[in-house]
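Let the hints inform the model, and build the full structure from the sequences given.
Note that the working numbering has the sequence shown beginning at 105, numbered continuously upward.
To be clear, the hints were calculated from the coordinates, so they are not data collected in a lab. No false leads were mixed into what you were given.
Think about it this way: if two alpha-carbon atoms lie no more than 20 Å apart in a straight line, the pair counts; the simulated SDA-like pairs of lysine to any residue are: (1) Lys179 with Asp268; (2) Lys458 with Gln494; (3) Lys626 with Met582; (4) Lys188 with Ala250; (5) Lys398 with His427; (6) Lys398 with Arg358; (7) Lys194 with Asp580; (8) Lys458 with Asn387; (9) Lys320 with Ala600; (10) Lys567 with Pro535; (11) Lys398 with Gln460.
Just the calculated beta-carbon pair ranges, DEER-fashion: (12) Ala498 with Pro336: 42 to 48 Å; (13) Phe528 with Ala498: 22 to 28 Å; (14) Gly533 with Ala498: 18 to 24 Å; (15) Gln460 with Arg635: 32 to 38 Å; (16) Val693 with Lys179: 55 to 61 Å; (17) Val692 with Arg478: 52 to 58 Å; (18) Ala403 with Asp368: 15 to 21 Å.
If you're wondering where the values come from, they're calculated on a predicted model, not measured in any experiment. Each residue gets a CB set at the ideal place from its N, CA and C atoms; glycine is no exception.
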Amino acid sequence: MALRSAFLSVAFAASAWGAPAPELPAGTPLLPADTLKAYLTGFSRTDSARLQIVAVPGEPFGRAARVTTLRRPEKTYRVQLSAKTIAAVKKGDALLARFYVRALNGPAGARAEFVFERAGGDYQKSSMLSIAAREEWRRVDHPFLAQGSYAPGEAQVNFRLGFDPQVIEIAGVQVLRLERGAAALGSAPSRAGYAGRDRYAPWRQAAAARIERWRKGDLTVTVKDAAGRPIPGAAVRVRMLRHAFGFGGAVNARFLQTGDETPDKRRYRAEVARLFNVVVIDNALKWSQWDEQKDWGLATVRWLQGLGIAVRGHNLVWPGWSHLPKGLSALAGDPRALRRRVAEHIGSAVGLLKGQVSQWDVLNEPYDNTDLTRLLGRHSQADWFRLARQADPAAKLYVNETGVLNLAGEDRTLQDAYEKNIRFLLDAGAPLDGIGLQAHFDLRLTPPARLVELLDRFARFGKPLVVTEFDLDVHDEMLQADYLRDFMTAAFSQPAVEAIVLWEFWQGLNAGNPAGAVLFRKDWSLKPSGRQWQDLVYGRWWTSEDCTSDGAGRCRVRGFLGSYEITATGPGGQRRPLSLDLTREGAVVELRLGDRP
Numbered sequence: 105m106a107l108r109s110a111f112l113s114v115a116f117a118a119s120a121w122g123a124p125a126p127e128l129p130a131g132t133p134l135l136p137a138d139t140l141k142a143y144l145t146g147f148s149r150t151d152s153a154r155l156q157i158v159a160v161p162g163e164p165f166g167r168a169a170r171v172t173t174l175r176r177p178e179k180t181y182r183v184q185l186s187a188k189t190i191a192a193v194k195k196g197d198a199l200l201a202r203f204y205v206r207a208l209n210g211p212a213g214a215r216a217e218f219v220f221e222r223a224g225g226d227y228q229k230s231s232m233l234s235i236a237a238r239e240e241w242r243r244v245d246h247p248f249l250a251q252g253s254y255a256p257g258e259a260q261v262n263f264r265l266g267f268d269p270q271v272i273e274i275a276g277v278q279v280l281r282l283e284r285g286a287a288a289l290g291s292a293p294s295r296a297g298y299a300g301r302d303r304y305a306p307w308r309q310a311a312a313a314r315i316e317r318w319r320k321g322d323l324t325v326t327v328k329d330a331a332g333r334p335i336p337g338a339a340v341r342v343r344m345l346r347h348a349f350g351f352g353g354a355v356n357a358r359f360l361q362t363g364d365e366t367p368d369k370r371r372y373r374a375e376v377a378r379l380f381n382v383v384v385i386d387n388a389l390k391w392s393q394w395d396e397q398k399d400w401g402l403a404t405v406r407w408l409q410g411l412g413i414a415v416r417g418h419n420l421v422w423p424g425w426s427h428l429p430k431g432l433s434a435l436a437g438d439p440r441a442l443r444r445r446v447a448e449h450i451g452s453a454v455g456l457l458k459g460q461v462s463q464w465d466v467l468n469e470p471y472d473n474t475d476l477t478r479l480l481g482r483h484s485q486a487d488w489f490r491l492a493r494q495a496d497p498a499a500k501l502y503v504n505e506t507g508v509l510n511l512a513g514e515d516r517t518l519q520d521a522y523e524k525n526i527r528f529l530l531d532a533g534a535p536l537d538g539i540g541l542q543a544h545f546d547l548r549l550t551p552p553a554r555l556v557e558l559l560d561r562f563a564r565f566g567k568p569l570v571v572t573e574f575d576l577d578v579h580d581e582m583l584q585a586d587y588l589r590d591f592m593t594a595a596f597s598q599p600a601v602e603a604i605v606l607w608e609f610w611q612g613l614n615a616g617n618p619a620g621a622v623l624f625r626k627d628w629s630l631k632p633s634g635r636q637w638q639d640l641v642y643g644r645w646w647t648s649e650d651c652t653s654d655g656a657g658r659c660r661v662r663g664f665l666g667s668y669e670i671t672a673t674g675p676g677g678q679r680r681p682l683s684l685d686l687t688r689e690g691a692v693v694e695l696r697l698g699d700r701p
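Written out as C-alpha cells, the structure reads:
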C-alpha cells in the first residue's frame, strides 16, 4: 500500500538539506563516531532486506546507510539498524536524537521507526517514533527522556525498517545526553506528535458531522393545559442525566475492598461514581486471579451495581500459559481434562455473576496467546462462547485484542489476523455479540484519520465495538491531553463504537506506568488529559438546555443520546416533570399542566 501522510505519527522539524540546521545543545554523544560501522555489525540480517553503505556527494555527512526492504517480515524489528550506546545514561536524563532520512523508491516514500531501548532483558523503551521519509533529505530532531538507567552498552538505538518493500537512506545519526537536563528540552528543535493534531486538520470536520448525525436525537416537547390546549410561553428545562454511550474506566477490586479506609480510597470511590457509567475490573475477574480474588471481585460488582454502573467482565479465557492459573499447564497432556477444566471455569464464573455483568471478554488476545487453542483445537474458541451464553443468556459476549488501534495503526499482520479470527468465530456459530479493541499507546500515536479507517474496518462485521483498555505511555502531558481528545473524538464519531473504557485512571494505582494514568496525578490533581475527558463527556457532549414553548406549545431540542429529565413550567407557575430516554430515532412527548403527575 502506498504511504500516505496520514501514517506520519511524529511532528518533526523537517527541511530540505539546503536550509542550515540549528546547532545542537551541548551534550555527551551516546553513539560511536562511526555509527555506520556499528550498523554493519548490528544489522538484522535476513532474506527480507539488504544493507549498503553509500556515498552521498555534496552533503556534509558524506555517507548514508541504504536499506532495501525486499518483502515485509512478520515484525517490523526483523529488519533494523542497531547501534549500542558508548556512554552512561541515568533515568530522567534529557536526550536528543538528530538524523536525516530520504526515500529512493519514488513518491510513495518510505517508513522507519526510531527506537531507544534497553539492549536486552525487557527492552525497556524510552522512545518509539514513527517516521515518514520522502524523496528529498529531511532532518528529524527528537527530544525525549530516558526511562531507565544504563551503563555504556546497556542501551541501543535502532531504526526499525520491516515495512512494505521500500528503499530508505539514513545518515548523520547523533544522540546526545543534554548537559542542561530536562530544561534543555524546552529549546530542543521539535516535539513528538501525530498527524492530524492541528486544530484545522481535515478529519475534524468529518468527525463533527458524524457525531451530529449519529450521537444525537431530536426531542420535541409539547406543553398543554388540562383541556389539551397548547400553552405558549411555557418554560421547558431539558437536563441530561446519563449518556447512552459508555464512558468508563478500570477499577481495582483489591484497593476498593481491602485494608484500612483512607482518604485516597474515599476519593477513588467518589471519582468512579462521578466520572463513569461503565467499568471493567482490572484483575480480579481474570481466571489467573479468580480463585484468590473472587470475594473482592464479587464485592466490587455489588458495589458498582448499587451505583447503577454497568460492569464489563474481563476476562474468561486468556489462552496463554502465562495468563492462566498456575498448574493448569499440567493438564497439557490430557486435552479432555483440560477442556473440562476450562468449561468448569466459564460456567462457574459467568453463572456466579449472572445478571450482574453486562459484558464478558470471553476470549482475550488470541493472536499472541495460542497454548490452549493448539491443544484443544481452534473450534474450542467457539465452544467457550457457547458455554458463556448458556451460563448467562443476557450477557453480551466479546472477543478482545491488543495492537489493532495502537502502534501507529501499522501492524497489518495483527489487524488481518484479528479480522480472520472474528470471521472464523462467526462462521463457527459462536454467539459473538461484540468486538473489543484495546488501546495501549506509546509514542507511536495512531493518527485520527487512521483510527477511523480501522474502526470502519471492524464495524463492517455489524457488531458493536468497544474500546476496552485505553491508556497513554506518553510523558508530555499536553500531548497526552491532545491525543486523548482526538482519540475520543474519532471513536465517538464512529457509530458502531458503544463505549470507551480507560485503563488505570489514577497514578496512585499505576506505579508501573505512571504516565499511562490518564486522568489524575498521584496527589489527585487533574491532569490536562483529565480536563479534556471532563470537557468532552460533561461539556461538549452533554445536553443542558432551556427553551420557551412557541405558539403551538412546542419546544424543540437536539440532544446527545441518553437519559433525561424534562420539566415544563407554565406562566402561572404550574410545573410538570418527566423522565425519558432519548434515542437516535428521537422522542416526541406531551406535558399537560394541571393534570395530576
